[in-house]
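*Asks:* Sequences are here, hints too, so could you generate the full structure?
Chains as they are written, first to last, in our numbering: chain A, 9 to 256; chain B, 9 to 256.
Hints listed in this document are in silico derivations from the structure and should not be mistaken for laboratory results. Check the hints yourself; a few may be wrong.
Copies of one chain are not kept apart here, so a pair can be met inside one copy or by any two copies together.
As the list claims (entries may be wrong) - Capping the alpha-carbon separation at 25 Å, the derived lysine to any residue pairs in SDA-like fashion look like this:
#1 K180 - G222
#2 K100 - D204
#3 K17 - E135
#4 K100 - W214
#5 K180 - P76
#6 K180 - E40
#7 K17 - A37
#8 K17 - V30
#9 K180 - A202
#10 K180 - A24
Source: prediction; values computed, not measured.
There are 2 protein chains.
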Amino acid sequence: MHTTLDILKSHRSVRAYRDRPVPEDTLDAILEAAWRAPSSFNAQEISVVVVRDPERRTRISQIAGNQPWIAQAPVFIAVVIDYHKTGLGVVKAGREQQIQGSVDGLLMGAIDAGIVLEALMVAAHAEGLGIVPIGGIRRDPQAMIDLLGLPRLTFPVVGLCMGYPAQEPIQKPRMEISAFRHDEVYDASALPSAIDAYDIEIVEHWRRTDRSNGLAWSEAIANYLGVPDTRPVAEVLRQQGFDVTWDG
Amino acid sequence: MHTTLDILKSHRSVRAYRDRPVPEDTLDAILEAAWRAPSSFNAQEISVVVVRDPERRTRISQIAGNQPWIAQAPVFIAVVIDYHKTGLGVVKAGREQQIQGSVDGLLMGAIDAGIVLEALMVAAHAEGLGIVPIGGIRRDPQAMIDLLGLPRLTFPVVGLCMGYPAQEPIQKPRMEISAFRHDEVYDASALPSAIDAYDIEIVEHWRRTDRSNGLAWSEAIANYLGVPDTRPVAEVLRQQGFDVTWDG
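*Replies:* In structure tokens:
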């Protein structure tokens, strides 16, 4: 058995799955573990939708920009910011809910979604399953909302494929830890050399794993973070009732 | 030794810490575990600042709205969305970074911050430490930025106290799992009764733990989610260069 730290340190994403279902009790245990994760103000404003239906998973694989592992993995879990649930409580207490109109509420929901996502990933790893997190559902959040029947004041922020792995990927190297960990104050001085070293290291990693067209980190992220964002996230958030006033 | 699922399922927050430092190698192992967590597009856009200096922790306890456990716990870790780091890579690749101007970029950073936060919490639990996550640093993010010397294009979204527990809190009950887990499609029908049952259960929990002034869930969240948001999050994000266009 692997220790918890071993599990955390050996994280890798799996994009090929065996044709073997995840037993009900295994899935229940994973979901129960994530259900116990903390939330801001104990709001419990995260919900998940477990999708096993093959047609629905095929549709999600298209929504996420043609990611075939979503159709292949037996389980997909959508992680949802759920201010519908909390709104019922706020109204019960005689107030009108306002969190959906604030940038802080958006951050709070997304952070807590990340907490639940990581709890699901760690629990799945502990059960011998492979996973890959899927941010691509935000390419077409309205399609996810329609598919999962999500009510107003909810938003599907991220998803997760889960199943028995059909591959044992080599772990992708990380940029040196000095680029992640700072002590007492942020120290930017080591970043340029860390990035240069990592650009070389990850190209070597791609070569070693037969993906010789793999890009250096700088070039790869430039393709995502250095282009105009075309995802209709703000529009769909607004349609769902997140009437965020960015001007405070 | 506890299994990973036990650790996840027994999550609780600790708000009283022993006067005992966290050994360097323990802290290193916890940070190394969180460093290996996945990030969107492998952007590695999360950084952490480890704060052990007592004066600095006292200042953070004030920033977070007078939370004395921040001054008491030997370690505080600030989790930071770091588009400064990624920006260096994007510029190196000859592009101009744009992610800081999109709502999707904000969600991505906050989700990945939540992933790192949960990895830190799980690793700390595995090492026998207590923790409590701190969203209250967003009450005055500019003060955190000044204190930690955070550069433009970064934002401190959440923090974590860590140390050896001086209390063994009873785990807070969760709303029944049907309010968290949905299968195939979202089913809102069970929520009202789940909320009613939970409001009763948590008041009993407060009574059992000698916090007889504890509120029902509905009333408690109404005090946070049913009031105007006064945190200057949007303003400080903008000052940090997150020129988000909410109108898409």
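*Asks:* So, for every hint listed, does it hold in this structure?
*Replies:* Hints versus structure:
1. In the homo-oligomer, the alpha carbons of K180 and G222 lie at most 25 Å apart inside one protomer (12 Å), although the nearest pairing across protomers, at 47 Å, exceeds that limit.
2. In the homo-oligomer, the alpha carbons of K100 and D204 lie at most 25 Å apart only across protomers (9 Å), although the nearest pairing inside one protomer, at 55 Å, exceeds that limit.
3. For the homomeric pair K17 and E135, the shortest alpha-carbon distances inside one copy (16 Å) and between copies (14 Å) are both at most 25 Å.
4. For the homomeric pair K100 and W214, the shortest alpha-carbon distance between copies (20 Å) is at most 25 Å, but the shortest distance inside one copy (55 Å) is not.
5. In the homo-oligomer, the alpha carbons of K180 and P76 lie at most 25 Å apart inside one protomer (21 Å), although the nearest pairing across protomers, at 40 Å, exceeds that limit.
6. For the homomeric pair K180 and E40, the shortest alpha-carbon distance between copies (14 Å) is at most 25 Å, but the shortest distance inside one copy (29 Å) is not.
7. For the identical chains of this complex, K17 and A37 are neighbours both inside a copy (22 Å) and across copies (9 Å), given an alpha-carbon limit of 25 Å.
8. When the C-alpha separation of K17 and V30 is checked against a cutoff of 25 Å, the pair qualifies both within a copy, at 24 Å, and between copies, at 20 Å.
9. For the homomeric pair K180 and A202, the shortest alpha-carbon distance inside one copy (16 Å) is at most 25 Å, but the shortest distance between copies (43 Å) is not.
10. For the identical chains of this complex, K180 and A24 are intra-copy neighbours only, at 16 Å inside a copy versus 38 Å across copies, given an alpha-carbon limit of 25 Å.
The structure fails none of the hints (numbered hints given earlier).
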